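Chemist: Listed here are the chains, written in short residue letters.
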Amino acid sequence: MSANSLRLICISMLSVVLFLSCRKAENIVVNERRNLVVADQGNHSLLAVMPPEWRQVPSTEFRMLNYRFGESGEVFVGRSRGGLLTNINRWLGQFGKPAIESADDLPKVEVLGQSGVLVEATGDFAGGMGRAARKNAGLAGVIVAIGDQIITVKMMGGAEDVAAEQVRLIKFCEGLRISQGGSQ
Amino acid sequence: MAKASPSIPVRLFRFFSGFGLAVTCLLLLLILTWLSTLEQPAKGLYEVQKRYYDAEAWYVVPELNWLPKINGKPVSLPLPGAYLVSAVLFVNLFLGGIIRIRKGWRNIGVVISHFSMVSLLIAGFVSHHYSKEGIMAVYQGDTSDFAQSYTEYTIEVAEIVNGEKTRPYVLPAERLKSLAADESQTFQLPDLGLDLEVSGWMRNSARVKVDKENAGQDVIEVDGWALRWLETNPTEELNLAGCHVDVITGVEGVESKRLVLHGGDPNACTVTIDGKIYGLRLMREIWPMPFQVRLDKSIGEYYPGTRKPSTFQSDITRIADGSEQSFRIKMNEPMRYGGYTLYQARWEDRGDRPMSGFAIVKNPSDQWPKYSLYISILGLTIHFGMKLGGFVGKSSKSKGKDLTSNKATV
Chain A
1 MSANSLRLIC ISMLSVVLFL SCRKAENIVV NERRNLVVAD QGNHSLLAVM PPEWRQVPST
61 EFRMLNYRFG ESGEVFVGRS RGGLLTNINR WLGQFGKPAI ESADDLPKVE VLGQSGVLVE
121 ATGDFAGGMG RAARKNAGLA GVIVAIGDQI ITVKMMGGAE DVAAEQVRLI KFCEGLRISQ
181 GGSQ
Chain B
1 MAKASPSIPV RLFRFFSGFG LAVTCLLLLL ILTWLSTLEQ PAKGLYEVQK RYYDAEAWYV
61 VPELNWLPKI NGKPVSLPLP GAYLVSAVLF VNLFLGGIIR IRKGWRNIGV VISHFSMVSL
121 LIAGFVSHHY SKEGIMAVYQ GDTSDFAQSY TEYTIEVAEI VNGEKTRPYV LPAERLKSLA
181 ADESQTFQLP DLGLDLEVSG WMRNSARVKV DKENAGQDVI EVDGWALRWL ETNPTEELNL
241 AGCHVDVITG VEGVESKRLV LHGGDPNACT VTIDGKIYGL RLMREIWPMP FQVRLDKSIG
301 EYYPGTRKPS TFQSDITRIA DGSEQSFRIK MNEPMRYGGY TLYQARWEDR GDRPMSGFAI
361 VKNPSDQWPK YSLYISILGL TIHFGMKLGG FVGKSSKSKG KDLTSNKATV
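In order, the protein sequence lines correspond to chains A and B.
Per this note's numbering, the first sequence starts with residue 1, numbered consecutively.
Per this note's numbering, the second sequence starts with residue 1, numbered consecutively.
It is worth saying that the hints were derived from the structure and are not from the lab.
This structure is a prediction, so every number in the text was calculated from the model and none was measured.
Beta carbons are placed, not taken as given, at the ideal position from N, Cα and C, and that holds for glycine.
Heads up, some of the hints might be wrong.
[Said to hold, decoys possible] Simulated restraints, written as ranges between beta carbons of each label pair:
id, chain 1, residue 1, chain 2, residue 2, range
1, A, Arg90, B, Asn162, 27 to 37 Å
2, B, Thr166, A, Gly82, 30 to 40 Å
3, B, Ala180, A, Glu32, 17 to 27 Å
4, A, Lys135, B, Ile319, 18 to 28 Å
5, B, Ile70, A, Arg33, 49 to 59 Å
6, A, Asp105, B, Ile299, 48 to 58 Å
7, B, Ala206, A, Gly147, 34 to 44 Å
Please build the complete structure, drawing on both the sequences and the hints.
Modeler: Here it is, written out as structure tokens:
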């Protein structure tokens, strides 16, 4: 093999290496889909129809379903301990409101086939559970007793934002259902 | 007259089919296996396999503390990767042991033995490129129809209709895991009319809450959450990947939306585009099975005072094509079905219900090493049998000769 041909081979190999190292990553087209499996039904039995105006964010230990809306509004579904009234008064207490003795006068919302109560409050939120205190805050939430469990759907944010989202919250609560599985 | 030197192709053929190359390859494989075993406790099995044995690992620089140091830095000793060495050994065995070898009845055993080694290397190649492995975790009484990768992360994108997930699009895990932290990659989903730009890939990360106002400029915060980079865990299964995703739409006037995805998130993050809700989730790759497994009974025991199972077994029902069949899966007694092998790899009982973890392997070359060994036994038996026969024949002949010569002397 002559020196010229060796030189030619070296130059071509170097050009290939330079070309490969300089080229920009090309876009990848994704068409692959997979079939649904039991894991796609979620980590808990609750199935919710979220309004498109909200966005789902990761669940946490105390929030089975976790949503955000607008700039700083949040909606979350959780389980709680204690009775219905205890939870209502805890929520009201966070806004400095006096405790009530009966939930009978509160508006009712149908959740998972049971009658839940709608709790509303506005004012200064005292903070708690990792959330900072906030002035002119709003709360709208539904508490329902299902068997020996308490399910809560709590919406918090600016007072005006919460008022504007309340209709969606009620529709969301009414749309909650237990997953039947096998959603192929 | 001077002998003409052989041409370059002849010299190349001789080199690639020679004994020298075979011995060098085998020695290199021995050294690579030894060094990778030594590195494994510190670096972890996944990392070591990737660095030493992957097809992309053309060379490897062993990272061992006891290597001699120059100016405080350990000596850098690059070695060819095991995949490359195996490929060269394959060529060498094929050319030398099957093509170049002298053919004839005398060498038939040797040719068969070489063929068995070649087929063993082919089995390794097929297994490396085409086998798949995952884990199916099932609690007693539950039914499962999927396995999940131990290590490979993917991003799934699915439209959510009436609160239910539709069949998701799956981004290629191979590309995601090769992303560097400062690299970005665009994935186009033409069916959804979306582009996803994935950036800031972290092999191990934590999702942390951040205050929007107090978050530093370099922190990417979405809805009060950000990612924190973590040192890679040597046990790859424990690493939780993280990344940022910009969802870019072709819809005019609709801005791109950024998400922070984390491998530990139990559910998807959503974006709404043009009234449609899309869920995006960074998760370990899911592998749907063509059958279902119902765990009827899970039995096991821990070593005293530990959470390490000493023994376990599972009674399962396999549901496929409308029929049900019961099996017992024990240690070293897997269930095989439709090219899948299911063996119990984990067992756990945290008080509520016991859980069995079944490792599911689909390897087209699953049984090939066994057959290769049978071929090898056959080849070596023929070869040594012939040698023995020859030796016995020769000995008896020379004995006969000796006797005749002794008689003559007498």
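Chemist: Work down the list of hints and note, for each, if the structure agrees.
Modeler: Status of each hint after checking the structure:
Distance hint check: the CB atoms of arginine 90 of chain A and asparagine 162 of chain B are about 33 Å apart, consistent with the given range 27 to 37 Å. A C-beta distance of roughly 39 Å is found between threonine 166 of chain B and glycine 82 of chain A, which places it inside the suggested range of 30 to 40 Å. About 24 Å separates the C-beta atoms of alanine 180 of chain B and glutamate 32 of chain A, a value consistent with the hinted range of 17 to 27 Å. At about 58 Å, the CB distance of lysine 135 of chain A to isoleucine 319 of chain B disagrees with the hint of 18 to 28 Å.
About 54 Å separates the C-beta atoms of isoleucine 70 of chain B and arginine 33 of chain A, a value consistent with the hinted range of 49 to 59 Å. In this structure the hint that aspartate 105 of chain A and isoleucine 299 of chain B lie 48 to 58 Å apart at CB holds, the actual value being about 55 Å. Between alanine 206 of chain B and glycine 147 of chain A the beta carbons are some 36 Å apart, a value that agrees with the proposed interval 34 to 44 Å.
Hint compliance for this structure: hint 4 is the single one not met.
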